[in-house]
Amino acid sequence: MRNKLLFGRSIDTGSWVHSVDPRAKLTGMVLYLIALLVVNSWVALGLATVFSLAYMVSTRIPLKYYAKAAKPLWVLMVFIFVVQSLSIKQGTVLWHIGSWELYSGGLSSGLIAALRMTLLVSFTAILTFTTTPGLLNQGLSGVLKPLRKVGISAERLTLMMGIALRFIPTILDETHKIMKAQAARGADMKELPWKEKGRLLVSLLVPVTVGAFRRAEELVLSMESRGYIVGAPRSEYHLLSWSKRDTGFILSYVMLVAIIVYLRFI
Amino acid sequence: MEGTKLAYDLQQVSFAYEPEHPVLSDVTLSITSGSWVSLVGANGSGKSTLAKLLGGLLAVNAGKIIVEGTPLLRETASLIMPRIGMVFQNPDNQFIGATVEEDIAFGLEGQCLPRVEMVSRVQQYAEKLGIQHLLSKHPSELSGGQKQRVAVAAILAMEPAIIIFDEASSMLDEQARGELLHILRDMRSNGDYTMVSITHDAEEIMASDRVIVLRDGTVAADVDPDTLFSDDALLNSCRLIAPYHIRLIQELERRGIKVPPFPNADKEVEGTLWPLLFNK
Amino acid sequence: MKPSIWKWSTRTVVTIGIGAALYGATSWIGIPIAPDTQLRPAIALLAIFGALFGPVVGFIAGFIGHVINDFIQSGTVWWGWALGSGITAAFMGLIYLSKDFNPKDGVIKKKHLISFIIYGVVGIFVSLAFSGLFDIYAMGEPNNKIVIQVISAGLVNLAVFLILGVPAVWAYAKRNRNNANLTVER
Amino acid sequence: MAITFQQVSFAYDAKNLWRHGALEDIDLKINEGEFVAIAGASGSGKSTLLQHLNGILMPTTGKVQVFDVIMSAGEKTPKLTELRRRVGLVFQFPEHQLFEDTVEKDLCFGPLNFGSSKVEAKEQASKALSMVGLDDSFLERNPFHLSGGQMRKVAIATVLAMDPDVIVLDEPTATLDPQSRAELAELLYRLRRDQGKTVIVVTHRMEEMLPYVDQWIVMQDGRKTFQGSAAELTREALKLEASGLALPSCISYWNQIATRFGLEMEEPCLTVEALAERLERVLQVHDTAEGGGG
Ligand SMILES: Nc1ncnc2c1ncn2[C@@H]1O[C@H](COP(=O)(O)OP(=O)(O)OP(=O)(O)O)[C@@H](O)[C@H]1O
Ligand SMILES: Nc1ncnc2c1ncn2[C@@H]1O[C@H](COP(=O)(O)OP(=O)(O)OP(=O)(O)O)[C@@H](O)[C@H]1O
Ligand SMILES: [Mg+2]
Ligand SMILES: [Mg+2]
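Chains as they are written, first to last, in UniProt numbering: chain A, 1 to 266; chain B, 1 to 280; chain C, 1 to 186; chain D, 1 to 294.
In short, the hints are calculated from the structure, not lab data. There could be a bad hint or two in this list.
[Claimed, not checked] In silico lysine-lysine, DSSO-like type, Cα no more than 30 angstroms apart, as pairs: (1) Lys15/D / Lys174/C; (2) Lys105/D / Lys76/D; (3) Lys79/D / Lys174/C; (4) Lys118/D / Lys105/D; (5) Lys52/B / Lys64/A; (6) Lys68/A / Lys137/B; (7) Lys109/C / Lys79/D; (8) Lys104/C / Lys105/D; (9) Lys68/A / Lys118/D; (10) Lys110/C / Lys52/B; (11) Lys64/A / Lys15/D; (12) Lys239/D / Lys128/B.
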């Protein structure tokens with residue numbers, strides 16, 4: 001089951017992108033998100049595509065992994081495409097079925113919307129593919145530091161995020177294992193009629209939930225016995241150090257945003 | 001006690017998960033600093049429960065636990081617990097980090113060690129337990145024995161004064177168990193550690209200084225390993241079986257062949273059995 | 001004893017972390033009924049978090065769980081919907097504040113059940129309205145898509161809450177009533 | 001032939017960059033009614049191998065046949081319900097096996113699924129529990145509020161309650177006290193002898209299974225490096241030890257004694273009793289020889 005999870009696992013190819021400070025990567029992703037929200041022309045989209053491809057290639061991770069990352073969202077993309085292309089009535093009429101008319105402007109903005117989505121999803125994969133969860137978390141805690149001023153402790157938040165990230169694969173595995181254990185004793189999800197499946201889903205969710213909370217209990221013991229005390233000072237294993245390259249990395253994003261904004265509002 | 005410091009002093013400790021089923025009753029014992037104690041007993045005799053009490057993870061219902069001179073109470077727990085490291089019976093649920101490396105580092109971060117020191121400890125203990133090649137793995141990608149080794153490494157790396165092992169070698173292969181035993185022996189001769197080890201493994205028991213036998217929630221015996229393994233009635237009552245070489249000697253003796261006691265350490269029969277077999 | 005909702009212990013941190021992981025991991029199980037809208041049994045978990053640990057833990061666990069799940073599945077976070085998950089759990093967690101409600105010791109009464117359902121229904125629709133508006137204003141999503149989503153998701157979540165969530169909390173409490181278990185805590 | 005593996009390889013995450021080979025090119029035959037034990041260092045692929053036996057994992061390449069069910073890489077998964085009834089698997093961690101809130105419900109889960117009535121299921125549950133040495137007072141307990149050893153026993157009982165033809169156990173003796181281990185080995189042996197069950201066990205303590213096992217399989221780095229009887233295992237001890245497998249005392253003792261007295265061709269005496277008896281005879285011969293000589 002975990003096999004299907006592409007995100008949340010890093011692929012170490014040792015490229016330079018891997019060694020960029022996670023805080024820089026996080027900031028870069030936010031900038032990229034902004035850039036994409038502003039994109040509305042083919043030129044700008046082309047620019048963003050080239051930009052994305054350049055980064056994807058420099059991670060030295062096969063492009064098909066990025067494609068896979070976007071796959072789960074294809075339904076959504078089709079939907080966005082259909083809604084956009086049917087609701088915008090500009091340009092010439094290309095096609096009509098009954099009262100529905102497809103305009104060229106609609107088609108193009110529908111395509112742009114769908115492509116934008118694809119780019120967004122596959123590009124953000126760079127972050128997770130090139131950063132281990134620990135580093136990502138550390139980066140997050142760095143980015144969130146200012147929150148302390150409003151009374152939210154970034155360490156606590158990142159520890160919670162860390163636990164959550166670390167346990168998702170485990171809980172998926174556990175779910176799988178309980179399914180196996182039940183299957184091994186004659187209740188096989190795959191081979192049952194629908195109504196039975198529903199019953200089994202409940203008899204699956206309950207032990208998964210109970211099991212997760214039992215895990216929580218044991219994890220508390222384990223953390224306490226390793227000297228964890230809420231709010232006590234801790235040192236950091238992953239030391240983040242900002243270098244010129246990280247600044248450059250962010251600057252490239254700033255430029256992308258600037259150009260795209262310029263293209264939109266001239 | 002004159003001269004020797006006590007790591008643990010338990011006075012009439014009782015505990016129950018549910019009031020109607022007492023698990024430990026009136027346990028009184030003390031453990032000197034720097035010693036290696038084996039805690040043995042049948043399944044369900046209360047070993048893990050006692051270990052959790054010793055580690056400050058459960059609170060006694062009655063009695064007192066004094067750790068290195070300080071009573072273990074809610075208020076003092078935060079001072080005492082950092083001195084105690086504990087490896088649990090089930091290695092599966094004690095992972096905190098998302099990778100083996102981060103997991104070993106978790107305890108070190110809590111000790112506020114500088115980064116250089118953490119990195120060197122992680123490497124050092126990963127090497128000691130032969131898990132360097134697993135450092136970047138997620139816990140759910142490990143086999144049972146690998147999990148157990150990581151759990152041990154994570155605790156040893158913290159170098160706590162008191163270490164409690166709850167069946168830390170139960171899923172290790174013969175080879176790895178030998179290696180772990182070797183590590184424990186080293187730590188023992190180093191003298192800086194107090195070790196309490198729950199185990200069913202005869203070799204491990206033989207290597208320790210002292211054996212505390214639990215039966216039905218009370219201390220049934222408190223002896224040295226040799227005495228334990230020569231006392232059949234005691235062994236039986238706590239469902240233990242003596243190591244192979246001791247049973248062999250006993251069996252030979254039953255048949256009227258006298259054998260001097262011989263060490264098991266390197267499984268060498270030669271030094272002891274041959275003279276017997278030839279020089280009669 | 002019910003711990004106060006503001007007291008932070010190792011247990012709180014871990015509960016939120018694992019709760020979020022659980023919500024995130026099980027959000028994955030679902031039957032799509034409209035784009036971006038699924039029949040997700042995980043909604044029932046929000047009810048459980050809320051009832052057992054209170055609105056604060058519920059909110060954070062729901063929020064983080066949703067963020068992480070979005071992130072893992074698609075790399076993009078739908079912030080509005082993530083906050084929505086948090087809000088839903090927080091509303092359902094209001095029941096935790098009524099003094100004599102204590103499912104861990106098996107104490108749950110009819111009146112609790114009724115207010116629990118009311119909190120849940122309100123929570124579901126408040127959060128959906130919130131997420132919908134958030135999407136329209138902040139993310140610039142097309143309006144008509146949002147309307148379909150809000151209505152269908154509301155009804156679906158409501159059904160899951162009533163069919164799975166409420167009985168789960170009830171069953172949990174009942175189970176604990178039988179073996180009034182003394183939880184050992186230091 | 002109950003079980004055959006033909007050139008089976010398995011990799012976790014086979015289709016990804018995270019691919020991790022765990023089994024390589026395994027050929028294996030296990031007859032019906034045999035008692036088979038599997039040994040090997042940790043991480044050598046034992047648990048992975050076992051999970052192929054009831055179709056929890058499917059081979060990445062090669063073919064696994066269990067009774068008449070064929071699981072072959074790249075082909076459609078066959079219907080497994082019947083296979084799972086006939087092959088009962090006890091996982092390495094008992095926590096993975098149990099999921100209900102009372103021991104009784106957990107024990108009855110299998111029998112109920114396979115069509116027993118409530119009454120029958122309860123009967124089977126309490127019978128299985130007594131087989132592993134626990135009394136009926138455990139029926140009402142929460143399986144997760146048991147000691148490590150008790151939980152392990154309950155996990156084993158859940159599989160015994162289903163009365164499978166093939167019983168597969170992954171390190172069932174870890175965390176059991178030594179006498180419970182001996183009892184379990186004995187129980188498995190009786191099931192094999194009296195009911196003709198096929199028993200397959202992974203163990204790190206080879207000694208406790210030695211007297212009962214028909215065939216040993218040794219795994220190393222995902223490969224099968226040995227398959228044969230205890231006597232053959234004893235004879236190949238040096239080779240196996242050279243490749244990193246530590247063997248129990250009883251084997252090294254026998255080998256030393258055998259070399260010393262030239263008993264290599266004999267059936268090895270691996271239990272304390274057998275060895276003592278054999279030594280006694282050696283001594284007698286030796287004494288009379290010496291007596292005669294001097
Ligand atoms: N969480 C719990 N709730 C209630 N009873 C428990 C719980 N954990 C253990 N027990 C009971 O307490 C007794 C002692 O358990 P403990 O785990 O200390 O045994 P143990 O000596 O470690 O045994 P093992 O060798 O099997 O690990 C057992 O009878 C067990 O059933
Ligand atoms: N879910 C998994 N994902 C990826 N790799 C795994 C997974 N489970 C096991 N492995 C790896 O596959 C190899 C074989 O594991 P397996 O669990 O079969 O070993 P084992 O022989 O049972 O060891 P042990 O005696 O320690 O239980 C190991 O190197 C392990 O790290
Ligand atoms: Mg125990
Ligand atoms: Mg294994």
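Hints and how they fare:
Restraint check for Lys15/D and Lys174/C: not satisfied, since their Cα atoms lie roughly 46 angstroms apart, outside the 30 angstroms limit. For the hint pairing Lys105/D with Lys76/D, the CA-to-CA distance comes to about 33 angstroms; that exceeds 30 angstroms, so the pair is violated. Between Lys79/D and Lys174/C the alpha-carbon distance is near 39 angstroms, which puts this suggested pair outside the 30 angstroms criterion. With a C-alpha separation of about 11 angstroms, the suggested pair Lys118/D and Lys105/D falls inside the 30 angstroms cut-off, and the hint holds.
Distance check on the hinted pair: Lys52/B and Lys64/A sit about 50 angstroms apart at the alpha-carbon level, beyond 30 angstroms; violated. With a C-alpha separation of about 22 angstroms, the suggested pairing of Lys68/A with Lys137/B holds against the 30 angstroms cut-off. Taking the CA atoms of Lys109/C and Lys79/D, the gap is about 47 angstroms. The hint is violated against a cut of 30 angstroms. At roughly 22 angstroms between alpha-carbon atoms, Lys104/C and Lys105/D fall within 30 angstroms of each other, so this suggested pair holds.
Distance hint between Lys68/A and Lys118/D is unfulfilled; the C-alpha atoms sit about 48 angstroms from each other, more than 30 angstroms. Using a Cα cut-off of 30 angstroms, the hinted pair Lys110/C and Lys52/B is violated, with the two alpha carbons roughly 39 angstroms apart. Annotation: proposed proximity of Lys64/A to Lys15/D holds, straight-line Cα distance about 12 angstroms (limit 30 angstroms). Restraint check: the Cα-Cα separation between Lys239/D and Lys128/B comes to about 26 angstroms, which is no more than 30 angstroms; the hinted pair holds.
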